[in-house]
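Quick mapping for you: the protein sequence lines, in order, are chains H and X. Anchor point for the first sequence: position 263 equals 263 in the working numbering, and the numbering is continuous, going up by one each time. Anchor point for the second sequence: position 99 equals 400 in the working numbering, and the numbering is continuous, going up by one each time.
None of these hints come from the bench; they were simulated from the model. Treat the hints loosely; a few may be bogus.
[As the list claims (entries may be wrong)] Label pairs and their computed distance ranges (CB to CB):
1) H:I57 with X:T338: 53 to 59 angstroms
2) H:S219 with X:P328: 35 to 41 angstroms
3) X:E393 with H:Q232: 36 to 42 angstroms
The beta-carbon is built from N, C-alpha and C at its ideal position, and this holds for glycine as well.
Below are the chains, spelled out letter by letter.
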Amino acid sequence: MKKYILSVIVLAIACNISFAQDEEATSDPVYAPFESGILIDQQTGVIPDARTLEFIIQHKFGAMDNGISDLWGIYSPGANVRLALNYVPVNNLQIGAGITKKNMYSDVNAKWTVFEQTEDNSMPVAVTLYGVAAVDGRNESAFGTGDIVDTKGETLPHSVNFSERLSYFSQLLIGRKFSNWFSLQAGASFTHYNMVGWDYNHDVVGAHLGGRIKFSPQSSIIFNYDQPLKIQDISEQTDWDTFAKANFSVGLEIATFTHAFQIYAGSADGILPQDMMMYNQNNWSNGVPAIGFTITRLWMF
Amino acid sequence: MKTLKTFFAVAVVALLFSQCKYDFIVPEEVIDPTDPTIEDVSFTAEIEPIFTNLDCIACHSTGATSPDLTSQNAYSSIVPGYVNIDNPEGSEIYTKPSPTGSHPKKYSDAQAALLLTWITQGAQDN
């Protein structure tokens, strides 16, 4: 009897898949190339429908390098958290704001899906632009001497003002849903900090890769890889000692229509993309990835 | 569509007012801990503020994670347990938050040198 029930279920699923393939392709956008607008540390081309409000909690525990003594970072003091709200005023455009514990960042961001991938492949990929501007809100004593020197200017004592605290991140993402179970995206980014330490660069160009392997209607394995590129022509330093290391995260996503829950292990302790591209010194080879999770909640009005 | 236009208008105006700067933070002077002519480092005036400015006391406070680095208790909780006068560079208060370590809070090079100088000079309560 059990075998009979099982074979009926298998047959039903098989028929369902074959029927689904018979559906005529239209020029409508493909359904859910990713489950949510966030892919661990990256964005995706997914933007909810117009007049949707999204609340996001992103949390990373401390590094796992102390092992069981601090339960792989869960009891460690080096945790980071970001709380954010996104709103979609018109289809394919999202604006948002957030606050992050590390460096007391406050950020505003915008995402525009310029082209959506269509079912009939008249547009084979989704093209997305994403930008973040953040303010480092720490007390002046956190910036060492607090004295500032412009590349060509004179030293200005205690001059950490609003504009010095600003940092920017802009990114172009190209993604494609290859099948119901596999989506991939690649991107290029530019990061700029208005003020950095003596041995850092102001500008960083990065390359990005991310993907999703869906193994059940609600669950997927997700990953992202962010590589800051060592470009001598834009570097202001003679060595790469302080240059950020690549960020690699892999995790599990459980998503429903209005929620996404992602739990992962990743290298960067920062949550804002510009912080990762500028300051991430953790990687998997020196054994200090951290456990993190992301929760999103959508409200449609 | 109108909303989209308004958004881009606001974005363009915002970009005009924001500016890209190329400022560096002038580094602190790093003292040489082996220099015998250097003046005595004051614990209350120079070492204690490091723990406060770095926000070590967010975790290392009274009743929380040891050592207690709040200003009234810092000296008695790190001397002698976390300070090794015979081998200053082996002192835990110096090695744990080293600039290249993985402790959540790290000294800058200048702060590390100042602390090492204070220990080399005998870790006085001055």
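Numbers of unmet hints, in rising order: 2
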